[in-house]
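Visitor: Given the coordinates of chain P, work out where chains G, U and H should sit on it, guided by the hints.
Chains as they are written, first to last, in numbering that gives the first Met the number 0: chain P, 0 to 351; chain G, 0 to 351; chain U, 0 to 351; chain H, 0 to 351.
One or more of the hints may lead you astray.
Chain copies aren't distinguished; within one or between two, either way the pair holds.
[Stated by the list, open to error] Computed cross-link-like contacts, DSS-like style, restricted to lysine-lysine with a CA-CA straight-line distance of at most 27 Å:
| hint | residue 1 | residue 2 |
| --- | --- | --- |
| 1 | LYS103 | LYS139 |
| 2 | LYS35 | LYS187 |
| 3 | LYS202 | LYS35 |
| 4 | LYS207 | LYS2 |
| 5 | LYS202 | LYS187 |
| 6 | LYS103 | LYS35 |
| 7 | LYS2 | LYS202 |
| 8 | LYS139 | LYS207 |
| 9 | LYS187 | LYS139 |
| 10 | LYS35 | LYS2 |
| 11 | LYS139 | LYS35 |
| 12 | LYS202 | LYS139 |
| 13 | LYS139 | LYS2 |
| 14 | LYS103 | LYS25 |
| 15 | LYS25 | LYS187 |
| 16 | LYS202 | LYS25 |
| 17 | LYS35 | LYS25 |
Think of the hints as simulated: they come from the structure by calculation, not from any bench.
There are 4 protein chains.
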Amino acid sequence: MIKVGIVGGTGYTGVELLRLLSQHPKVTLQAITSRKEAGTAVAEMFPSLRGRVNLAFSTPETAALTECDVVFFATPHGVAMAQTPELLQAGVKVIDLAADFRLKSLSEFESWYGMAHTCPDLLAEAVYGLPEIHRAAIQKARIIGNPGCYPTTVQLGLLPLLENGSRFIDSTTLIADAKSGVSGAGRKAEVGYLFSEASDNFKAYGVKGHRHHPEIVQQLRLVAGHDQIGLTFVPHLVPMIRGMLTTLYVRITPEGRDQDFQALFEQRYANEPFVDVMPPGSSPETRSVRASNQLRLAVHRPVVNGLPGDLLIILVAQDNLVKGASGQALQCMNLMFGLPETLGLTQLPVLP
Amino acid sequence: MIKVGIVGGTGYTGVELLRLLSQHPKVTLQAITSRKEAGTAVAEMFPSLRGRVNLAFSTPETAALTECDVVFFATPHGVAMAQTPELLQAGVKVIDLAADFRLKSLSEFESWYGMAHTCPDLLAEAVYGLPEIHRAAIQKARIIGNPGCYPTTVQLGLLPLLENGSRFIDSTTLIADAKSGVSGAGRKAEVGYLFSEASDNFKAYGVKGHRHHPEIVQQLRLVAGHDQIGLTFVPHLVPMIRGMLTTLYVRITPEGRDQDFQALFEQRYANEPFVDVMPPGSSPETRSVRASNQLRLAVHRPVVNGLPGDLLIILVAQDNLVKGASGQALQCMNLMFGLPETLGLTQLPVLP
Amino acid sequence: MIKVGIVGGTGYTGVELLRLLSQHPKVTLQAITSRKEAGTAVAEMFPSLRGRVNLAFSTPETAALTECDVVFFATPHGVAMAQTPELLQAGVKVIDLAADFRLKSLSEFESWYGMAHTCPDLLAEAVYGLPEIHRAAIQKARIIGNPGCYPTTVQLGLLPLLENGSRFIDSTTLIADAKSGVSGAGRKAEVGYLFSEASDNFKAYGVKGHRHHPEIVQQLRLVAGHDQIGLTFVPHLVPMIRGMLTTLYVRITPEGRDQDFQALFEQRYANEPFVDVMPPGSSPETRSVRASNQLRLAVHRPVVNGLPGDLLIILVAQDNLVKGASGQALQCMNLMFGLPETLGLTQLPVLP
Amino acid sequence: MIKVGIVGGTGYTGVELLRLLSQHPKVTLQAITSRKEAGTAVAEMFPSLRGRVNLAFSTPETAALTECDVVFFATPHGVAMAQTPELLQAGVKVIDLAADFRLKSLSEFESWYGMAHTCPDLLAEAVYGLPEIHRAAIQKARIIGNPGCYPTTVQLGLLPLLENGSRFIDSTTLIADAKSGVSGAGRKAEVGYLFSEASDNFKAYGVKGHRHHPEIVQQLRLVAGHDQIGLTFVPHLVPMIRGMLTTLYVRITPEGRDQDFQALFEQRYANEPFVDVMPPGSSPETRSVRASNQLRLAVHRPVVNGLPGDLLIILVAQDNLVKGASGQALQCMNLMFGLPETLGLTQLPVLP
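Just chain P, with the same shape it has in the complex (with noise of 0.2 Å):
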């Protein structure tokens, strides 16, 4: 049995990890902290793991951390590079769902998150969280930065096409329309992720600037193997608590007319146990994947005075918090336990 720590259970991919961690039949969950919540059970808290999660939440002092095989952060950026240069000591491995370890710059990442990195060290180490392209890494990996909801979408939306030297397509008119339930906003005490403020209605935000950007083009230079990279990104909050679809806008380039872009996709993934590319034509919606580690996929390319056009639809739909969060975090480290991939993952989307 694997020992798992978590610090900081409180927010939404905290209690997503519990759910998922607590039906892992390889984990022990030894312990969870919250200074806040010291002492409160954690099925006081969350309800919904009565008589199956009997942990309260601890401090971090008493959590004896260094003795679990490996900790989950699910804590605000900043917090995990404070504490994994001692559990890395100890023979911990860390797994952090926040921004610490996503960016190999650290200039970017002292712009974009306003703090100074305190292991800047060990950013090189760090493994970017995305099994579908650092599979090897990961289970290799002594820290993971478990990669953003957002560019989850993004990165597997566009990956087949960024691969082949980015011939068939122009890198550098990407567009993601992206578009994420309110849970991705976590659970803070904030007026504009009101009910009554986020109910029956829809907006962009952060149109001019999200984290999530430079992540996003990080990964994506290096999948295409250049810089050439232009994308414009622009997320917008959709009144349902979980979920994500992005459409993302592709141009074609004359090199790639005659490709089957259909297959491209189908022959990229036909191994990858979370990722669905869905028959041509499908729209992928966000509840054929709730409460799901899937995430499901469609290539559409409109014609155009009765010709295929020049423009690829590519249609993403996961999770936010699984997919995007908790369960890949999970993937990720059943990837380093050396365990089945999937062990853990395989709930079947809750639909209706």
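Guide: Structure of chains G, U and H alone, referenced to chain P:
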């Protein structure tokens, strides 16, 4: 034109007052105060008012409230009572949408609201702002304690039954199972009212005791003319923005068995512009009054073993922010200034 | 492995059965029928099942249901009774999620469901599938009439009170104010259940009479051991997909005044895996059981004038599609085939 | 007073027309027809209108529509064209909220709507009812083809860019990522629009082709004065009742690089009562226009590498039932009858 001031216009009852007052043909919006938002344009905080409300929030000090004809308090409990004496002295009428002037019993106020009352001498003068009961007094009032949202539905749902000396019903076993939209909780940044907490969810709350209970009981006693009121009141939270439905369960006494309760309600409310007694068998839905000052109710008497049973069910629907708060306050204002009672309150409900 | 057939799998209880059965370790899904959708892949209609359920809908004729060990009917009322005799004869057990085998009284069935019963002789044999009451009988049953969603909450909320010969409470003035998510109405194309009708809205319905009323009363009489049951039942429609909360109001008799009702409930349900008696003062929310077979309840006895009053309030929450329908059916199946009762039913609730 | 008839008032644009018309100071509601609901009181079907609309639905035959001054068609496509010639002959003006008179090309109409046009000779005379483009023509029109909801947002979002001969932008690579509330699908009993299907969910639809595409392109060509319009249009379904947000992506040409696009929009719409160009950096939300005829838009030009990039993002929000349908129809009526354009359309948006 009536010069109107609003103290504390950043909550939901405040913005609703703004919506209604700025469309009222006899009102000039003079000032709106918010210490925290002083200097901010109202329409910047509430873009729905862009181009129509040109005021900015000001501090109470600079707001020249004493030059108004009437001041509405859309503030937390305790604010109105601090400023009311000075306003009255300046000849300004006061309508408080919080609880400072609702309860006649000083001790009940202080025990339920956890604060000392700073002008207890005004409690006797203050008029409870439910026009269907206190119309004449409101017309002459200087201070209005505007009813809570739940109390409005319970009182108007029971009024015709209790006014008859309550011989027809058992006033000691009243049950009010009340359901409110989330805006009733106000525009406060609290985790429990986040979209991701309150959406796709339903629960009771305040079962142990709710501040609206003593207010309702005080009024029911007044209406009944005796103290034998026993009321069980259980509020619930509905995942909708606006709207309130209260289901009332009332035991019929042997004396009441032959009473035509439908007729009783229809007669009582025949001349009330904002109370709609629906035909027998109806089920008022909250959206049928959305964004309007209308309250709709229906009277049911289920058949038991082929005969009319001894239980009445009264269903009462209103918009908690309009008839349950700001619309009712405006209705009082109209009465206080000798205007037609419905002036500025005739907007049709928004359906769908 | 148990060979399972489903008749009529295109509704919500059907797709929920599919979700649960396809994750059950001892079940082989053999056939699923739908005359209208014959030939369509199940996963085409419900993309949430893509890659996991490879069956296509077939006609009842070709489905070889008689080769199954058990057949679930997730059909409109009247379908199961037509096919049950043939299935029984072939040695197949039947679990009907509709009403064909719930009511013991032929005349009540025929009057409430407006059709003649085609195998009234089987009514006596059929077992009402509420394990917390009829566990032993279910284990030996060939036909299960699976309880309705409302009846499950009302029965489990009143069971401990009525089993004691109902000396502690007045069984003639029971009130059940019930609230259901919209999926309870099924996957029928009716205007009243459109998003634009049911969202941001709340109403009562069926106040004049609801088919679940006679079912509840039949069962309460059985439990109480006498016929003195008076029940007022008012269902309401909540703008949420899944979930049901029933608020029960029960008068305490003088004999019951010193009873410890919390203890009564805790003792009664101490060994029930799917009934969670929450601590005093709790308020179960529907999301705390979302997508799980758990039912949670809380017992309240409001204080009146400083003393415990004579009214009990029982709050009961369940997922109407799981414990209120398909999960309960699976629980019965486990019992009928000698499997652990919780097998395949231990998924944690999905929160948020 | 203008005598108004409505054909087909049982859908959402119909009831919205009723809401607006019955509050319009210069309108007398003369007749409303529905073959299916003939005899039913309007207020019985829509209780929100109780006490304010006393009409009953009548059959088209008995409705005496030819005695009206203007008839609105809130019907499925194909109904208006059948009755328009007779009405015109009787001197009655016609405003069609469906598509019969939107497309100038007979072949496009017949191919997209799958029916023959019965009065193609009137297509040339019919005026496209978007006042911001065709005000003068509307004032003199006998027949209005009222714009679709999506087309209104796309046209008003692109108008200032295309009117300038489209030198500043590339009119061949336009992208409209549009999101609509569910009421846009109408009040039809279809499974896909049930609450339990559409709530807590998000998806694209009509990616292969949508009837609003040819309508938009026709109008953009007209505005631009040339045929070089390339538009990708992807509609999405948002779990909210009312509201539409369209995110437009427009490439800036080298010639447009120094253009002040914010100023361009502000100048173009300076005198438009229902188009609000928000300050730079704004993000219009749909609730800021809920239940009102206001459309709000914001112009963004993301910075790339420290310089203004070559992509414009225009965000356009409207209420799909008001400015996107019935409100716009009323705006046209005001123009046609020489009334102030805003008469009866000044209701403030309902927020929250």
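Visitor: Regarding LYS139 and LYS35, is the shortest C-alpha distance of 27 Å or less found within a copy, between copies, in both, or in neither?
Guide: neither (34 Å within a copy, 52 Å between copies)
Visitor: Within a copy, between copies, both or neither: which one fits LYS139 and LYS2 at a CA-CA cutoff of 27 Å?
Guide: within (18 Å within a copy, 43 Å between copies)
Visitor: Within a copy, between copies, both or neither: which one fits LYS202 and LYS187 at a CA-CA cutoff of 27 Å?
Guide: both (19 Å within a copy, 21 Å between copies)
Visitor: How would you classify LYS207 and LYS2 at a CA-CA limit of 27 Å: within, between, both, or neither?
Guide: neither (42 Å within a copy, 41 Å between copies)
Visitor: Within, between, both or neither: how does the pair LYS35, LYS2 come out at a Cα-Cα threshold of 27 Å?
Guide: within (23 Å within a copy, 48 Å between copies)
Visitor: Check LYS139 against LYS207 for me: Cα-Cα at most 27 Å, and say if that holds within a copy, between copies, both or neither.
Guide: neither (37 Å within a copy, 44 Å between copies)
Visitor: How would you label the pair LYS103, LYS35 (within, between, both, or neither) given a Cα cut-off of 27 Å?
Guide: neither (31 Å within a copy, 41 Å between copies)
Visitor: What label fits LYS2 with LYS202 when the C-alpha limit is 27 Å: within, between, both, or neither?
Guide: Intra 42 Å, inter 36 Å, cutoff 27 Å: neither.
Visitor: 27 Å Cα cut-off: does LYS35 pair with LYS25 within a copy, between copies, both or neither?
Guide: neither (29 Å within a copy, 44 Å between copies)
Visitor: With identical chains, the pair LYS202 and LYS25 could be close in the same copy or across copies; at 27 Å between alpha carbons, which is it: within, between, both, or neither?
Guide: Neither. Shortest intra-copy (42 Å) and inter-copy (35 Å) distances fail the 27 Å Cα cut-off.
Visitor: What label fits LYS103 with LYS25 when the C-alpha limit is 27 Å: within, between, both, or neither?
Guide: For LYS103 and LYS25, neither the intra-copy (32 Å) nor the inter-copy (48 Å) Cα distance is at most 27 Å.
Visitor: My question is about LYS103 and LYS139: at a cut-off of 27 Å on alpha-carbon distance, are they close within one copy, between copies, both, or neither?
Guide: Intra 18 Å, inter 64 Å, cutoff 27 Å: intra-copy only.
In this structure, the hints that do not hold are numbers 4, 6, 7, 8, 9, 11, 12, 14, 15, 16 and 17, in rising order.
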